[in-house]
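Chains as they are written, first to last, in numbering that gives the first Met the number 0: chain A, 0 to 291; chain B, 0 to 237; chain C, 0 to 307.
Accuracy of the hints is not assured; some may be wrong.
[To be verified] Quick look at which bits of chain A chain C covers, simulated, 3 or more residues with Cβ under 8 Å:
#1 137-147
#2 224-237
#3 269-277
[To be verified] Here are a few chain A residues that sit away from chain C, every Cβ distance over 12 Å (derived from the structure):
#4 Lys167
#5 Leu184
#6 Val248
#7 Leu251
No lab work stands behind these hints: they were computed from the structure.
All residues carry an ideal CB built from backbone N, CA and C; glycine is no exception.
For reference, the chains in residue letters:
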Amino acid sequence: MEMIWELLPEAMLFGVLLGGFYAAVSVGLSVSFGLLDVPHIAHPAFMVLGSYCTWLLGQRLGWDPLVCGVVLMPVFMLFGIGMYRFYYETFEKRGADVGVRGLAFFFGIAFIVEVGLILVFGVDQRMVEAAYIGKSWELGEMRIPMRMIVAFITALVLTGSLALYLSKTFTGRAIKAVAQDEMALRLMGVNPVRIKQWAFGLATAVTAAAGAMLIVVGPVEPSADRVYIGRTFCVVVLAGLGSMSGTLVAGLILGISESIVLTFFGASWAPAVAFGLLLVVLGVRPQGLFGR
Amino acid sequence: MSAILKVEGLSKHFGGFTALDSVSVAVEQGERFGLIGPNGSGKTTLINCISGSLRNEAGSIVFDGHEVSRLPAYRRTRRGIARSFQIPRPFKSMTVLENLIVPLQFVGHLKTADAETQAIELLRGMGLADKARTPSDRLSQVELRKLELARAMAARPRLLISDEAMAGLSGSEVDEVLKILFDLNAQGITIIMIEHIMQAVMRFSQRVVCLDAGKIICEGPPTEIVKNGDVQRAYLGA
Amino acid sequence: MKFWLSAAVLLGLAVTAAFTVQNEYFFFAAYIVVQFVILATAWNILGGYAGYVNFGTGAFFGIGAYTAVLLIKAFNLPLGLQILASATVGGALGFGIGLLTLRLRGIFFSIATVAVAIILQTVILNWRYLGGATGVQILRPPVTPPFDNYVKMLFCVAVLLAIVAVAIARYVEGSWVGRGLRAIRDSEEAAECTGVPTLKLKLLACVVSGALMSAAGAPLAMYQSFVEPESAFSLNYSVSALAMPIIGGTAHWIGPVLGALLLGSIQQLVTVTISSELNVLVVGVLLVFFVVAAPEGIVGLARRLLRR
């Protein structure tokens, strides 16, 4: 019994930091799937791609991973815009049978990214080095890894900026509007396809930064995208599709749950937490906490 | 004549938004009933609740003497409620004929051969018989609207709900569809028509109800509704 | 009638081959290809006909393999009963997933299949009786006469299972069930409003599909004489079972068969000549290519050619 009381505060704190991180990782999906309705199963794969690009830049140029992340953002934005354009022209425009084809498409893309990474980088884990990786901050009895704090702060900045952008700027509000009433937006003279394209590009850019954070938080391997499918969709569904503030809350819930399971039941059960929570949410309250 | 459909105290919310606020309305057997209201007033939500595509949160829906609000949509169709969709939803991988065979088999429990015969009959009544073997993704707008109605009729309903079947059609096309609805009513089918085209509603309906922001604001014969101040305000925004 | 005749001939050919062809490697490879025919056909019943995309074929396949292993270790049951038991478990799993998610949009069903796959794999990894991460080895019971070789026998069993799977798919496709599923795929809301019991039909498709997928996994234990989670629940099964029907064509039962035969053979060739990672990449690339450029698959292309 004493063990629980000793371990719990540290597990909770770690969970909060992890949760913030999960929120940042999922916020891109909140936009692409929650608002734009794109069945973006490949979102975690793009994030892992971002991690590997971060690693590569770190190796070649010696830059700090977060700097790499920032540098990758515009690149990934262009990639995201292109990807959405392709998706729109191929699937949404033609209308017929979008569901199966769209899903199969992104599944195929995710798979190609994963196998591509294996072929180029091998199956081994990759990690980066930075001043804040490896050190811990001591708070009383607890030891908090510095890298988690860095990731958490970055996550808050990222999520906060995106949320502000979506609610305060014209384009941002147009993005939210296009999810609700595309026709009205068209009547206002705004081209919904360009808005969606921009939004998807933004989401992909954020995902690149998330990838940089991912490799800061821990070593990354090509198959990491699979467990993150569970985590990101869990957060996005639990939040309620399209809710930015919900993403943060849901991320925290997942982070804390996983941390507790990790501390008391061991690492081998941690991946199942996100998926299990997702199944529960889908069964009990599919619209999530703050859903439309 | 008794009421074939009695809706009482129907409410439906989407998150914080109230789409329907305690709506009560009764439709008589064999009646031609019009439902009007500005965009967003809740007309389609009401139809969705009656047909079962949506579940209402409060209130009751009594069809032909039975409470149906807990039944899934397909069971309500089998009991005699059919609807067409505002934006036509044909079964795109099927021909026009096959589209009708679906309800004929799933509601009427007919064998394929009998279903085909009856389907051709229905298509003839709609003027679509020559398109029977055409894939349904190749039809024109007015043909799609007719297919919607034909498919709803293939379910052999006692109550047919037509959701803006005439939106975007030309004058003569509107007349075509209106004639079909009149013919169906003459066969004894109760029809609820949702429309924006006022002249169609006026010509067709024996009684009209106007919805605004989820509430019924007016009910009566078409001539009265058109003169009603609340209705004018709802449409023109006072 | 033509179908059953062809099926009988095919089974006859398979058995004859088992007694005449000497090259054992042929049977090792052919077994895998036929296994994919079963998986692709099973996937298509729910994915192609009803439009609900299962990303977790590996889960069903793996659970079929492990059910068989469990029954061998605990009760030493014969292969026939193993297959039946695996099919039952697979059907129950399909029912469970379906009940949980089929009321929601299609993508949530798909994600739930990923969830179940990972959860099941995690459970098996932590289950010591079934060997955990290292897996479990089994001693094959003696071969049933008249066969003298395990792989040849399993090959014939697989062909039989494939015939059963295709027969079921063909029946579903041509019956009122198939029509209802197609209506669901085209427009679920309209289907429901035209009297189609959408939830019931989707659950049925889920159960049948799951049962067949797990049945395909049952003989794996005997084929390899060991089973371990990494390969039994492999993502490759999930991707292939999805890619093969899409490449072959989802509208007709022959599509998955063609896709499996073609892709399965290519996979065997590439694995032997180049590498197994590349073979997996080939599947992914072909999947994306067909989804984008030829969504109706080989069957669709053939139909268009024939029309000219």
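Here is what the structure says about each hint:
With 0 residues having a Cβ less than 8 Å from any Cβ of chain C, the region 137-147 of chain A misses the three-residue criterion, and the hint is violated. Given as covered by chain C, the region 224-237 of chain A passes the check, having 6 residues with a CB less than 8 Å from a CB of that chain where 3 are the minimum. Counting residues of the region 269-277 of chain A whose beta carbon lies closer than 8 Å to any beta carbon of chain C gives 5, which reaches the threshold of three, so the coverage claim holds. With a minimum CB-CB distance of about 30 Å to chain C, Lys167(A) clears the 12 Å threshold, and the non-interface call stands.
Even its closest Cβ contact with chain C, about 23 Å, leaves Leu184(A) beyond 12 Å, as expected for a residue assigned away from the interface. At the 12 Å boundary, the C-beta of Val248(A) stays outside the reach of chain C, the nearest C-beta of that chain being 20 Å off. Interface exclusion of Leu251(A) from chain C stands, the closest Cβ pair being 21 Å apart, more than 12 Å.
Hint 1 from the list above is the single one not met by this structure.
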